[in-house]
Amino acid sequence: MPSSFDVTLPRSVKPVFPDRCPCGGGPTNGKAVRLSFVGYSRAPSAVDYVLDVNMSGGNTLDYAMVPASEDCARRLRRYHFWIKVFKYLTWVPFFGLALWLNLPVFLSVIILLVALIVPVIWEITHPPAVGATPHPDRIGWEFADRAYAEEFAKLNGTTLDSERNKKPAEPVSKPQ
Numbered sequence: 012m013p014s015s016f017d018v019t020l021p022r023s024v025k026p027v028f029p030d031r032c033p034c035g036g037g038p039t040n041g042k043a044v045r046l047s048f049v050g051y052s053r054a055p056s057a058v059d060y061v062l063d064v065n066m067s068g069g070n071t072l073d074y075a076m077v078p079a080s081e082d083c084a085r086r087l088r089r090y091h092f093w094i095k096v097f098k099y100l101t102w103v104p105f106f107g108l109a110l111w112l113n114l115p116v117f118l119s120v121i122i123l124l125v126a127l128i129v130p131v132i133w134e135i136t137h138p139p140a141v142g143a144t145p146h147p148d149r150i151g152w153e154f155a156d157r158a159y160a161e162e163f164a165k166l167n168g169t170t171l172d173s174e175r176n177k178k179p180a181e182p183v184s185k186p187q
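The working numbering applies: residue 12 is where the sequence shown begins, and numbers increase by one.
There could be a bad hint or two in this list.
[As the list claims (entries may be wrong)] For each label pair, taking beta carbons as the anchor points, the in silico distance ranges come out as:
(1) LEU127 - GLY41: 37 to 47 Å
(2) ASP148 - LYS95: 40 to 50 Å
(3) ARG89 - VAL116: 29 to 39 Å
(4) MET76 - LYS165: 12 to 22 Å
(5) ASP148 - ILE128: 20 to 30 Å
(6) GLY41 - VAL120: 45 to 55 Å
(7) SER173 - LEU127: 43 to 53 Å
(8) LYS42 - PRO104: 33 to 43 Å
(9) ARG149 - LYS42: 20 to 30 Å
(10) LEU108 - ASN40: 46 to 56 Å
[As the list claims (entries may be wrong)] Derived SDA-like pairs (lysine to any residue); straight-line CA-CA distance at most 20 Å:
(11) LYS42 - LYS98
(12) LYS95 - ILE135
(13) LYS25 - LYS165
(14) LYS98 - VAL129
(15) LYS95 - ASP73
(16) LYS95 - LEU124
(17) LYS25 - LYS42
(18) LYS98 - ALA126
(19) LYS98 - ILE122
(20) LYS165 - SER47
(21) LYS98 - PRO138
(22) LYS42 - GLY142
(23) LYS95 - THR136
(24) LYS25 - LYS98
(25) LYS165 - PRO21
(26) LYS165 - THR19
(27) LYS25 - SER47
(28) LYS25 - THR144
(29) LYS95 - LEU123
(30) LYS42 - PHE106
(31) LYS95 - VAL125
(32) LYS95 - ILE128
(33) LYS42 - PRO21
(34) LYS42 - TYR90
(35) LYS25 - ALA43
(36) LYS42 - PRO78
(37) LYS95 - PHE106
Note that these hints are calculated values from the structure, not bench results.
Note that beta-carbon positions come from the ideal geometry of N, C-alpha and C, so glycine has one too.
All chains, full assembly: derive it from the sequences and hints.
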């Protein structure tokens, strides 16, 4: 079972959300929450890297207005705030600890890798009701609820990514 149900839309498509709360499916009473998502504005290129090692692509901050009840809006804002904090700052105390303890390099690297992986594992195992991953040419929308994701996909004229990638079952040949 996937941790989220994904729908990919081209950047040029303004997403249309179902008029119900993504957290519990209840009415939103016309309320919405503004969520921000960090992604890549363009892919890194070899020319960028040759000209300037520090110029390997660029980040973007995308926003979306998602219909949500007051309670859901509060939970979504809190979740998206803390997941960004954990993704970008969790490694700092571990890096400081590795420097302070003067650990061997391989132990320091292991500690930093664990610190970087933990927020990602948390986000995979505890997905938000609505999430997104912006790319240069598309935005991947992630939903915790399959029915909500399917409705979102239908409203935007597409299907779930998992449905689009399914191959038709091959006929089973009988041994002769």
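Q) In this structure, is the beta-carbon distance linking LEU108 and ASN40 contained in 46 to 56 Å? A) The hinted range 46 to 56 Å holds for LEU108 and ASN40, with Cβ atoms some 47 Å apart.
(Q) The hint says 33 to 43 Å between LYS42 and PRO104; measuring C-beta to C-beta, is that right? (A) For PRO104 against LYS42, whose Cβ atoms are near 37 Å apart, the range 33 to 43 Å holds.
Q | Distance restraint between LYS42 and PRO78, which requires alpha-carbon spacing of 20 Å or less | A | holds (6 Å)
Q) Under the criterion that the straight-line Cα-Cα distance not exceed 20 Å, is the pair LYS165, THR19 satisfied? A) Roughly 12 Å separates the two Cα atoms, so the pair holds.
Q: Would you check the hint for LYS165 and SER47, treating anything up to 20 Å between C-alpha atoms as holding?
A: violated (23 Å)
Q) Is the Cα-Cα distance between LYS165 and PRO21 20 Å or less? A) holds (15 Å)
Q.
For a C-alpha distance cap of 20 Å, please report whether LYS95 and LEU123 respect it.
A. holds (17 Å)
Q) Would you say the C-beta atoms of GLY41 and VAL120 sit inside 45 to 55 Å of each other? A) holds (51 Å)
Q) Can the restraint linking LYS25 and LYS165 be considered satisfied, given a maximum Cα separation of 20 Å? A) holds (14 Å)
Q) Keeping to a limit of 20 Å between CA atoms, is the pair of LYS95 and VAL125 held or broken? A) holds (17 Å)
Q.
Just to be careful, I want the Cα atoms of LYS25 and ALA43 compared with a cutoff of 20 Å; is the pair within it?
A. The given pair, whose Cα atoms are some 16 Å apart, holds under the 20 Å limit.
**Q.** Hinted pair LYS98 and ILE122, Cα distance within 20 Å
**A.** With Cα atoms ~15 Å apart, LYS98 and ILE122 stay inside 20 Å; holds.
In summary, the structure is inconsistent with hints 2, 7, 11, 20, 24, 30 and 33 from the numbered list given earlier, while agreeing with the others.
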